[in-house]
Amino acid sequence: MMTRSFTSTTLRAFAAPAALSLLALAGCKHAAPANSVLKATAQGSALVESSGGHQVGATGTALKDPLVVQVNDDQGNAVSGAMVEFHGSAEAGFDPATVLTDSSGQATTLVTLGTISGRYRINAVTGGKTGPVSLETVETALDYQQRVGAILVDKYCSRCHDPESSPARVSNYDNLEVKPHPFTDGATLNKISDADLISLVLHGGPALNRSALMPPYGNTLSAADVKALIAYMRAVADPPYEPAGTVYAIK
Amino acid sequence: MQPIKKRLSSAWQALFGDPVRAFGVVSVILLLALAIAPAKEQFSQWHGYQRSYLALIGDRGDAVSLRRRFEPGIHQIWLPELAVVDRCTTCHLGLTEASLADVAQQPFRKHPVVPHSLDAFGCVICHGGQGQATTVVEAHWSERAGEQPILPTRYIEAGCGQCHQNALAGTPQLNLGRAMLARYGCVHCHAITRPDGSKLEATDYPPSLAHIADKTTREWIFSWLKDPPAYAASATMPNYKLSDADASDISAYLVSSSIPQARDTVALGVRPAAATDAVAGPTLYGESFCASCHALQNAAGNVVGGDLGPELTRIGNKAKPEWLAAWLENPRIYDGTTPMPHYRFTPQQIATLVEFLQTKTDSDYGSGVHLDEASPQQVAHGRKLIVELGCAACHEINGVQKPENFAPELSTIGSKPLAQIIFLPGMEHSLPSYIAAKIRQPRAFGTSVKMPQFTLTAPQIDALTTALLALTARGRSMPDNLRVAAVPDTNYQPAGHAGKLIAELACFSCHRFNGRGGDMAPDLSWEGSSVQRQWLTDFLHNPNTLRPSLIRRMPRFNLSESDNKELTEYILSVYQSPAIDADLAPAATNPSETVEHGRQLFYSKYACQACHIVDTKTDKGYIGPTLTQVGSRLTPGWVYAWLKNPQALRPETTEPNQNLSDDDARALTAFLMSLKGPGGRGAKQ
Numbered sequence: 000m001m002t003r004s005f006t007s008t009t010l011r012a013f014a015a016p017a018a019l020s021l022l023a024l025a026g027c028k029h030a031a032p033a034n035s036v037l038k039a040t041a042q043g044s045a046l047v048e049s050s051g052g053h054q055v056g057a058t059g060t061a062l063k064d065p066l067v068v069q070v071n072d073d074q075g076n077a078v079s080g081a082m083v084e085f086h087g088s089a090e091a092g093f094d095p096a097t098v099l100t101d102s103s104g105q106a107t108t109l110v111t112l113g114t115i116s117g118r119y120r121i122n123a124v125t126g127g128k129t130g131p132v133s134l135e136t137v138e139t140a141l142d143y144q145q146r147v148g149a150i151l152v153d154k155y156c157s158r159c160h161d162p163e164s165s166p167a168r169v170s171n172y173d174n175l176e177v178k179p180h181p182f183t184d185g186a187t188l189n190k191i192s193d194a195d196l197i198s199l200v201l202h203g204g205p206a207l208n209r210s211a212l213m214p215p216y217g218n219t220l221s222a223a224d225v226k227a228l229i230a231y232m233r234a235v236a237d238p239p240y241e242p243a244g245t246v247y248a249i250k
Numbered sequence: 000m001q002p003i004k005k006r007l008s009s010a011w012q013a014l015f016g017d018p019v020r021a022f023g024v025v026s027v028i029l030l031l032a033l034a035i036a037p038a039k040e041q042f043s044q045w046h047g048y049q050r051s052y053l054a055l056i057g058d059r060g061d062a063v064s065l066r067r068r069f070e071p072g073i074h075q076i077w078l079p080e081l082a083v084v085d086r087c088t089t090c091h092l093g094l095t096e097a098s099l100a101d102v103a104q105q106p107f108r109k110h111p112v113v114p115h116s117l118d119a120f121g122c123v124i125c126h127g128g129q130g131q132a133t134t135v136v137e138a139h140w141s142e143r144a145g146e147q148p149i150l151p152t153r154y155i156e157a158g159c160g161q162c163h164q165n166a167l168a169g170t171p172q173l174n175l176g177r178a179m180l181a182r183y184g185c186v187h188c189h190a191i192t193r194p195d196g197s198k199l200e201a202t203d204y205p206p207s208l209a210h211i212a213d214k215t216t217r218e219w220i221f222s223w224l225k226d227p228p229a230y231a232a233s234a235t236m237p238n239y240k241l242s243d244a245d246a247s248d249i250s251a252y253l254v255s256s257s258i259p260q261a262r263d264t265v266a267l268g269v270r271p272a273a274a275t276d277a278v279a280g281p282t283l284y285g286e287s288f289c290a291s292c293h294a295l296q297n298a299a300g301n302v303v304g305g306d307l308g309p310e311l312t313r314i315g316n317k318a319k320p321e322w323l324a325a326w327l328e329n330p331r332i333y334d335g336t337t338p339m340p341h342y343r344f345t346p347q348q349i350a351t352l353v354e355f356l357q358t359k360t361d362s363d364y365g366s367g368v369h370l371d372e373a374s375p376q377q378v379a380h381g382r383k384l385i386v387e388l389g390c391a392a393c394h395e396i397n398g399v400q401k402p403e404n405f406a407p408e409l410s411t412i413g414s415k416p417l418a419q420i421i422f423l424p425g426m427e428h429s430l431p432s433y434i435a436a437k438i439r440q441p442r443a444f445g446t447s448v449k450m451p452q453f454t455l456t457a458p459q460i461d462a463l464t465t466a467l468l469a470l471t472a473r474g475r476s477m478p479d480n481l482r483v484a485a486v487p488d489t490n491y492q493p494a495g496h497a498g499k500l501i502a503e504l505a506c507f508s509c510h511r512f513n514g515r516g517g518d519m520a521p522d523l524s525w526e527g528s529s530v531q532r533q534w535l536t537d538f539l540h541n542p543n544t545l546r547p548s549l550i551r552r553m554p555r556f557n558l559s560e561s562d563n564k565e566l567t568e569y570i571l572s573v574y575q576s577p578a579i580d581a582d583l584a585p586a587a588t589n590p591s592e593t594v595e596h597g598r599q600l601f602y603s604k605y606a607c608q609a610c611h612i613v614d615t616k617t618d619k620g621y622i623g624p625t626l627t628q629v630g631s632r633l634t635p636g637w638v639y640a641w642l643k644n645p646q647a648l649r650p651e652t653t654e655p656n657q658n659l660s661d662d663d664a665r666a667l668t669a670f671l672m673s674l675k676g677p678g679g680r681g682a683k684q
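Sequence order for the protein chains is A and B. The opening position of the first sequence corresponds to residue 0 in numbering that gives the first Met the number 0, with each subsequent residue numbered one higher. The opening position of the second sequence corresponds to residue 0 in numbering that gives the first Met the number 0, with each subsequent residue numbered one higher.
The shape of chain B in the complex, shown without the other chains (with noise of 0.2 Å):
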């Protein structure tokens, strides 16, 4: 004890033992506290960073350049009205380095082109993070307080999305997620109000069960609950993972609720031509472009068709023959928001398909499914699981109604906060995961979890957490004059008799007039402009093959002349571009030498047989409409326009603006006029 009180004693007397010594002592302690903050920067990790970048651009040919754009220091981007505090460039310094495009080591990559400049948007706004934060963990992967981490690149479309609600060229990824959105039906029981307060809408067609025992058996609803992909690979209705007796409670409330129609349980009197025509089935199936929307295994097991309708692989498993019957004859009677067009099909038509529809059976689907008569309690179960399970949220059920906010709203779920998720176990804790987890396998969350479970790919997957990542608070809460806006389907209803036949035929389901339709076939809004009177006619009575590239055509329905004639006067009359003028439209007949110049341009100036064709024989285009007789069916007007800018009357077609003079445009015009075709009339052989 004493030793080290001497000790002591004889320290401090030794160092502030007199005034002097003791002025001098602490002067060095005040120098040290001094330079404690130059030395924490000093070692900092910025600066760390900074040191070493200088020392990769020392070795490089341009150093001299990128040392002088080098500048010491934390940087910052600073955007007050976007709340932008970046310093992720005091680190990240190689951004905008064009010569640096070799790096590949980080922080030093050189960023990749992008239509947004660092300057003007900084880039939390894009990548997440906390821009303030000076190290790398609080930058990149904080979570403190509400705080997300950065998105990873393979979710990178979701930045754009928080302020781009249309479809941009650019993100695909981002524009199948949303499209999934709607087309799964995820918005039927999930609200999701866009930051503008639009709604998106779902744009599936969940089929009405208000009658459905007259469509189906209380068998086949049975095993289409418990596994629809196993009808059809294509269903877009999930998986509830229903037991057995779940199962057949709700098939047997369905039946018993259904309202039987009479019309659907008339037996067809006609015989089918099949008796006597083997192939006259798959040939109406074929004439009538049923593939156009619905598709069908084939004999390799590829599912060749469209995906507007279901899958008709297994229809005979499925559906009643009389029903499929009254549905063929008037579909919309049934269900009155079908896409489905009404074909105005012939009893001998609707019996030839009927019966071809019939042999699409799958003996093995649902044999081993006995239903007994079920109880008045299993019926009264089936209604409860129904309303428990939100069934009626998509399909509309009598006796129960449509259920509001059945699931939590997804508007602002790319800033839910990681402390609200309840993780499982071995899972990364990051927003990402857990929205890919939960769309995966939905019921891994635990028992009582009601979203059931889809049928997805994993680049399926990744586009829906895509489109769920976009959805966040800043894309909220971002200026209105940043914010690029959904363009929504407009609400345009044609009127009167022809509007009535345009809804009949479902004519909006493949075209699109005035800012409404469906995007299979070309928007007709100018129709009336393009086309002449007798090619409409001719076309309507029998559409013929306009794009020989093209697997999906338009259907052939019979329409009475007088229908046809109320159709082609409304689409010529009201389906007017205002850019083209009738009467300054070049002559539709023009002198030889005119039409010769004309020929000359298209095969040789201008190569326009690369994908057009005029003459059978020589020409191999097959990518653009064939123009054999283009002469019968085009105006002169909309010919000459058309050359002179086709994006000025059709955004997306693809054929190229060629910036014609107006002596070229007229020579032109001239020539495709003068193709009338074999018999001069055009269209119809």
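Bound-form chain A, shown alone (with noise of 0.2 Å):
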């Protein structure tokens, strides 16, 4: 403790002009708590998604891009200056959490996911004239095996599985006869039993009489990165995917 109070009280007289130019720098709204600060000039009616909703990312790490919201009003016009809150499920951190609508009527923050695998949701809120209007997005945090399984599919399976293609990214599933299912295609893949995703991706498609243009991975990919890739389909399935559970016999 001695040492502590020592060194803190010696900095402070030198490190006080330091200090204040790198708030001014990061910006206020960083350090100081956003609601004493922040004053709402505007209000609108409708908030939509413009971007960064619906990311993956690791568990305790900040998402790739930004949330962004923007708010609009009744004819669907932007609203700048009103104030937009961001809630989130247990852990979920944001910087800022009280944002207020730039001249484009958009509110961004920077999200950070929880500690504990699975979907964040995400409510943007902001006060209407008729009452507070509020947005739902989700976020979903990978744990580590998951995010193996992320980084295998990237290099493996998503030239075809992805239905996105864009120059940086060629995927050729536009191309492909019989279109693969993506990975978020929960509807689908949810009812496939883990077993049976497994014999796939080992054996390819003709294991389940599916296509051969899905081919073996089995003498290409370890055990543990197969368990890998499933882990990351069921943790990105949309509609969710829900284990059936451990069964235990009566006595």
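Since the hints were made in silico from the structure, they are not lab data.
Within a straight-line C-alpha distance of at most 25 Å, the following computed SDA-like cross-link-like pairs (lysine to any residue) qualify: (1) A:K154 to A:D184; (2) A:K226 to B:E654; (3) B:K604 to A:L196; (4) B:K619 to A:P181; (5) A:K154 to B:G517; (6) A:K63 to B:Q452; (7) A:K63 to B:Q296; (8) A:K178 to B:S548; (9) A:K154 to B:P171; (10) A:K63 to B:A436; (11) B:K604 to A:I191; (12) A:K178 to B:N656; (13) A:K154 to B:A166; (14) B:K604 to A:A206; (15) B:K675 to B:L659; (16) B:K643 to A:I197; (17) A:K154 to B:H115; (18) B:K619 to A:Y155; (19) A:K63 to B:T235; (20) A:K154 to B:A290; (21) A:K154 to B:L523; (22) B:K619 to A:A211; (23) A:K154 to B:P655; (24) A:K63 to B:A168; (25) A:K63 to B:P441.
Please dock the two separately framed chains into a single complex, following the hints provided.
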């Protein structure tokens, strides 16, 4: 304790101006409790998501892209100066949690996921003219195994299973005669058991009387890799995958 | 006074008045004293957690088996060779209980699946904290005597990085951080030694400033020094927050110390093709695949292209045309270490490219800069600043020596005791927040701090922090057998004239040979076993597209006939795989039944058309290489060996090993070798 108080008192004298400049540069909203500073100058009546929803990230880390929502009025025009508050399920963090919309009506926050894997419901709320308006979006946190799966999917699977194709990351999805299932397609994939999915990955489509366009990966991926793949697919399935749970014998 | 004394003596009489009573009272006191220890345990924090764990599992379907596995008391994982004494499992009771996957309440959550077992490694090796402690505060947040609090989940990959010095597939953040330590040149100033004694080497190419005045003007140097990202958003050079006077003095010293090279100032005597052909410049820029390494900002404002070389959006503001021409003619004369290839452009091509690049100019950039002639005092002051700021740690500068150990060594920064850290007021007192703040805004820690301001995104700062937190004292004291060493590049250097050609064409910038080189293009260590002579000759003359889905492509070099032959021969004879025996390989021509059988296997059984194209009219597999002319490109031995086990030849390839039977592999090889393409000679049209 002695050391601590000593250093902090000696430091305070010369670090104060530096700290002030830090605060100024970092933007006061980061450091100060936002509510006491921000004051809404306008109100909207609708909230729409601009970008940053439905992202997938690692537990405990900040999502790659910020979450951006837009406040609109009755005519659908963007409202600037409206206050948007972000709330989330346990442990999710927002930087900042309270934002005023900018000149294009958008409020931007950086979402940090909690330490437990799964879906995080994020609510953006703005005080409308007739009461609060809210918007819900979902972000997904992956644990270690699911993230290993995500990396494997990116390398081996998304070249066919990803319906989105971009010049930087070409997907052959549109060119395939038999369309593969995107891994977010929970409606289909949730019905397939773990054992069948593992069999499909190990032995290819023909193993379950499906298309030979899906090649076997049993000699390329390890058993742990395949488990990780399945863990990832289950984590991103939409609607969410609900495991059957453990079955116990009654004595 | 009197009544108190009287009352005391009567109390004494009541308790110890006669020997029997005294014996009874002393016995009671003794019993109470003996009960202190069990009571203390009964009301301890961990006991409370064990009781709530029992309450939690009591309601669950598998309570019986959970209760059977529960052992009351203090639990301990003791691993003497790792110096681990972890009692975390005393409270964290559900770590290995698969059926508690839905429990979100701490400390009873199940541990996510990781490659290491709890019994073999314990907890604090990865997570940090005090394993011996049995209270929440001491175990998690104690910082006395150099103890480190537990690592926040945000930086948890730092735990892996203590032993794993190599790039793990499952730790992208750590890998990015380590790559950035090298790519952003951190290690030019801050030495980082890995636990095995090897040094982390920089992978940026800070240009030599020995002839800088040939290349650019003092005004440009001034504008660049003031704010590098204003010139190019992707600049890795940090901002030193220089005053106008300081930036002016530094630019004066750099220009005055620059040694002119005669060839950099010769004007080109050739007229550019653009005079007659408006698209000649952009066409040549595209054909030369400059975009594989250099980025340009397009009309939509997006920066498009590679990041191996500098961004060229405003190159016209920077480079003098005479210098640019000399550079394009042969970059190695100006800077011997550049990753830029010697393209062997013709004078006409050079003129065309120079004119095209000169149009990449931003008239607003540096327009307000007018520098007066510098006095000798200002030049001397510029040199003093260069020495103070350590510019020569990265750049070669005439008259200034490269400083040694310019900034603090960071080899054990992840174990820096909190008592040695001066925190800013209002800042969280933890090592990760200190490191992150120091990277985000170094100058906030005092006006005398020399570290410049880097332009980094939040994920990049997290990644760097993770990589630095991994550099712990524990990582250095680990037993050698647990340490996974980094795989450094070999110092392989091909010999002879071909070796000189490979260096001039900078093949190593993109390709890998025998464990050294870049990862932008395929590993060529066994290219000689893979391709046919005629194809290779044609390809080196005019590289065509093999993989339609790739943006980055092999550029075309104007190789002379003899150089081309030399390089072809060298590749074919030296880069041979020991796994492929050309004598035992299947034949290159086969009976038509075998070819037809192979075709059916290709389209039906193995559905190779999912990724490959054999017939451009019907096939749409844009992921793997196009196979329309594969019979003229690859050797049958390579095709057969590849089909049998692709990963054995190139471990990183995504093509799965289909475990083909010998017969199927032979039939497929026969089919593929029959694909000679139009003209029968393959590759070149």
